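A.B. asks: So you can see what is in the structure, the chains are spelled out below.
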Amino acid sequence: MVVAVSVLLYHKGHEGNINKGAGGMRVSTQARAQAPLEAESQAQTRLKNFKSTMKRIMKYRVLLLMTLPAVVYFFINNYLPMFGVVIAFKNINFADGIWGSDWIGFKNFEYLFKTNDAFIITRNTLLYNVVFIVLNTVIAIALAIMLNDIKNRFFSRTYQSLILLPYLISMVIVGYLVLALLDVGKGYMNNTILPFMGMQEISWYSETKYWPFILTIVSVWKGVGYLCIIYLAAIIGIDQEYYEAATIDGANKWQQIKSITIPLIMPVITIMTLLAIGRIFYSDFGLFYQVPLNTGVLMPVTQTIDTYVYRALINLGDLGMSSAAGLYQAVVGFVLVLVSNYVVNKINSDNALF
Amino acid sequence: MQKGKKLTVILLVMVLAFTTLLAACSSSNNEPANTPQNTDAAAPQDTENGNSGLEPVELVMVFPGPGEPQDFKEVEAAINEVTKEKINATVKLVMIGWAAWTQQTTLMLAGNEKVDLILSGLGTYTQNVGRGQYLPMNDMLENEGKGIKEALDSLDPAFLDAVKINGEVYAVPSIRDLAADYGITMRKDLVDKYNIDVNAIKSYDDLDAVFQIIKDNEPDMIPTTKYGDTIIDTHLNYYRDALDDGFGVLPDLDNGLKVVNFFETPQYAEMLNTVRRWYQAGYIAKDAATSTETQYNMVKAGKAFSFMSHMKPGIAAQESKNVGMELISVNFLPATTATGNITSIMWSIARNSEHPERAMMLLNLLYTDPELVNLFDWGIEGKHYVKTDVDNIIDYPPGVDAASLGYNLNYGWMFGNQFLSHIWQGDSPTLWDELAEFNKTSKKSKALGFNYDSEPVKTEVAAVRNVYDQYRKALETGTVDPVIELPKYIKQLKAAGIDKIIAEKQKQLDAWAAANN
Amino acid sequence: MQTSRLYQWSINIIMLIFTIFCVFPFVLLVSASFTDDLEIVRTGYKLIPNQFSTAAYQYLWNNSADIFRSYGITIFITFVGTLAGMLMTTMVAYPLSRKELPFRNFLAFYVFFTLLFNGGLVPTYLLYTNFFDFKNTILALIIPGLLVNGFFIILMRTFFATSIPTAVIESAYIDGAKEWRVFYGIVLPLSLPVLATVGLFYAILYWNDWFNGLIYITDKNYFSIQNLLNRILLDLQFLQSNTQQVGKGAELVAKLPLDAMRMAMAVIGIIPLICAYPFFQKYFVKGLTIGAVKG
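Chains as they are written, first to last, in this note's numbering: chain G, 1 to 354; chain U, 1 to 517; chain L, 1 to 295.
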């Protein structure tokens, strides 16, 4: 509030200057041509707007300058290469170069839709992502709240470091580890755990029905530690006074979580979810390709857009087709984020991305 | 608020404009850099008068490999001494990991990076030629590359013809095993122990008895394990000319040049039934479809008795070295040659090359100069190998073994003319003669020399490859019942458009046949 | 805050179970790296090796020149990259968290857009190799795609916006503090948990990155430790599954290291990060919160 008022005051105080500047301009305009009064006043407001913007820029120049390194970096690293989207619409020939190659319209996109599995692939990608987003968020927040509440510092820190472990292991290695558990003959499940529970051996890698669960578990196992740290940092930042006051009022743990913790970390939850939605058409290639060990039988439940593209192009090595896939994924994600951001903006503009 | 928005829009437009401008600049930067290369390629004839007046140049040679051996730099220096003296050029060797190969070389050739000689083939030859990655070689082979032409033609003129695309050579195959026969490799100690008569193995059906003996007597051992991805992965190539990717083939390497879907042939169904029978009899591991173990580790660990693979003269010695125990190989299907056997490992001159004619001279040395070839293949004499009393036979230097060898690349089949290299102790002393004979007498495919370009049907290839991935491993390891799964597989292939691929292939093949006969 | 003993017990038990769930496969990994290679082929991965062997580590030790150099590269890029990345990230995240910043929405969008769209590998590669000549340089491991991460910016901005009340900044202004002074005198000290979090994430990002090495590096002097490991893992997979195309595929796998060694490399790739973790944890402290400043 205070800021807004001060900004307003600031602008008021300088209005005089702006008018003066505009006045000077008016003389010259009149001298050249007898412009209609309306246009003249329009020009004046435009100029006024411009001036006030310049003032704001001047006032916050330090802040703006601070953003400069990152802005420049993104310009070079991300925006400059974006001319490369044309590759998705071209049949690249190295002798002609990127610009000289033939335009072929949307032909590079065809393979993404021309398969009768297109529906299954899209469904898998979307469903898995939705489940991952929901589960990972809920579990990560729950863990973060618990970690924050644990009084013994040593334990708390030990848990914190150890749950991050899976995040550090490469997916190829994870694939080996999952095999160690699920191998038909040598795996733990079949050798130790299932007999112990008096159950029959299961041929894990040939039964599609288990894999939605296995992949979800692996995803949670691998990703939750990372997300948990983000939420933990958010929860640690909550002012203890809130809880003290709530305790005095007799609120129990659950009530405190519901009415203090969650609302206060809501901005972080919203942002994380929005970002995840932006990547909803992407999938972790390692999880869906390496972990099921590229098993064909499991493809109805493990095939996602990324694995489809990989399998399709591994021998074709076609640049146009791979950029087409990337563009398709990005555009869908972008549209979804715009929509969800719009919704978030309606509910609480503070939480929106932009 | 309004002002902010308007300015944002203006700024956005400015950024976009600027981006396009810069992008345009970057592209125009690319193009002039390309043009001089092309003129360079056309010009060399006048500067090229014998080896004496050559300007010093640096040539970059790019190839895939498992990671640089310890003494790689030393060997590179020794190579440079030779090339400096003979063609006044230094050579920079760039080794790229196998998995990264396609991606990294595509990027290297997309830019203006210095690349002169590059390994080509690996199943992507036609596509890469179609994308203009390599320079044509016909003229250079008459001049700087005479030695290459002679060396290849002395084997069989068919080999150099096989790599032509529209009459132009874009790559030369290395001289190695350019054919393959097919059979089974087994543990020699067990073959001897159970008195297995290897001469009685003439077909797949003869193997059942062998496998049964192992199954009965070696309870911890699987009679046969997969080679590559499946039990019959490379064996399939005996029954067909895969015509590049195996989607649409010529059965028996002939079939009157009529392209068919191999997965629909009785031959394929019969092979799947055999494998299924083995699987059900317990000759194949239950986890064969998913196992990530290599055949060598399986045999080495005593988990597997044999594997079926494509072969060549001297295969038993090679595989014994790989496994570290004595193995015996039985080839029961005779040698064949299809275009794919030849185009899998080749050398090309990259579009980027600033000195194409010099690159060709270097390549020429790789086909004619034993000193250079041996440096590439075996390293430095005295340090990485020593000569034995027998002519041309070499062995480990004293006190050095396979594990401590500083240069153990062993990629003789890659670096030009393998027949110029020494022969390692333990291999047949006449190995190269045997190989030459093997290459010459193999049954040649009727479509030898046909190079198929999948570009027009790449959408279908993408979809078909996914179906292939889904069904192949399970079927060819016997893990699923072919009676149920094979019809599904065929149906899916058709849905994904394999017939369109076959039609396109047939069209290209007919055109090729018309032009060549 | 009062918490009952029962509550403490139960959350500790839940965390313990989850921690074991996370650690268990890692134990498997370590144990596999200490198992005799052929034993793995025979009996699979075991929690306690049937045949204890340090052969894998001995082999790595024998190639220690490569390994140590790669370690050096990894440590260097992690250190420099994290520092530079953090600096640039905080510098852009803080202004973005200030509502009165001119072009705030545009800048936020500008940052966010980078998370979704990119020009793809080829143009990026051409830019960095043709214009900047990054091929086979250490900069190629630090700058392309990693240096400033839009995700971390948005994350940090959200933290700044929610955990630092405008009132604190306002009062600093009234006291006559300059922007820069507000930033590093007030905002940064208040944000230690966030800085530690994002710092850790940058460190992980750099430590685990192998993609830049795969694309920009062919000289083994610049291979990071993850490059070495990933090259082996991916080569093995590639050669096995492309025997028909490559022709030599299945026979080339003989040259690649066996299971135990791959596991050992994975282990030595993780250990240093685990050791560095407590350094970041130090800043996950309560007490340095707004309450303290306000009071």
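Simulated from the structure, these hints should not be mistaken for laboratory data.
The structure presented is a predicted model; accordingly, all values stated were derived computationally and were not measured.
Don't be surprised by glycine CBs; every beta carbon is placed ideally from N, CA and C.
Any given hint could turn out to be false.
[Claimed, not checked] Distance ranges between label pairs, derived from CB positions:
1. 335(G) to 277(U): 26 to 32 Å
2. 4(L) to 335(G): 45 to 51 Å
3. 16(L) to 258(G): 23 to 29 Å
4. 242(G) to 8(L): 38 to 44 Å
5. 23(L) to 507(U): 39 to 45 Å
6. 216(G) to 192(U): 37 to 43 Å
7. 218(U) to 139(L): 31 to 37 Å
8. 61(L) to 195(G): 37 to 43 Å
9. 139(G) to 8(L): 54 to 60 Å
10. 68(L) to 248(G): 35 to 41 Å
11. 17(L) to 248(G): 51 to 57 Å
A.B. asks: Indicate, hint by hint, whether the structure satisfies it.
C.D. replies: Status of each hint after checking the structure:
Taking 26 to 32 Å as the suggested C-beta distance range, the pair residue 335(G) and residue 277(U) does not conform, at roughly 53 Å. The hinted window of 45 to 51 Å between residue 4(L) and residue 335(G) holds, with their beta carbons roughly 49 Å apart. Against the hinted window of 23 to 29 Å, the Cβ-Cβ separation of residue 16(L) and residue 258(G) comes to about 25 Å, which satisfies the hint. Under the hint 38 to 44 Å, the C-beta atoms of residue 242(G) and residue 8(L), about 21 Å apart, miss the expected range.
About 59 Å separates the C-beta atoms of residue 23(L) and residue 507(U), a value inconsistent with the hinted range of 39 to 45 Å. The supplied range of 37 to 43 Å is broken by residue 216(G) and residue 192(U), whose beta-carbon atoms lie about 52 Å from each other. Take residue 218(U) and residue 139(L): their Cβ atoms lie about 57 Å apart, and the range 31 to 37 Å is violated. Range check, residue 61(L) to residue 195(G): about 40 Å between beta-carbon atoms, so the 37 to 43 Å window is met.
A C-beta distance of roughly 20 Å is found between residue 139(G) and residue 8(L), which places it outside the suggested range of 54 to 60 Å. Remark: the range hint 35 to 41 Å for residue 68(L) to residue 248(G) is contradicted by a beta-carbon distance near 58 Å. About 33 Å separates the C-beta atoms of residue 17(L) and residue 248(G), a value inconsistent with the hinted range of 51 to 57 Å.
Violated hints, in rising order: 1, 4, 5, 6, 7, 9, 10, 11; the structure is consistent with all others.
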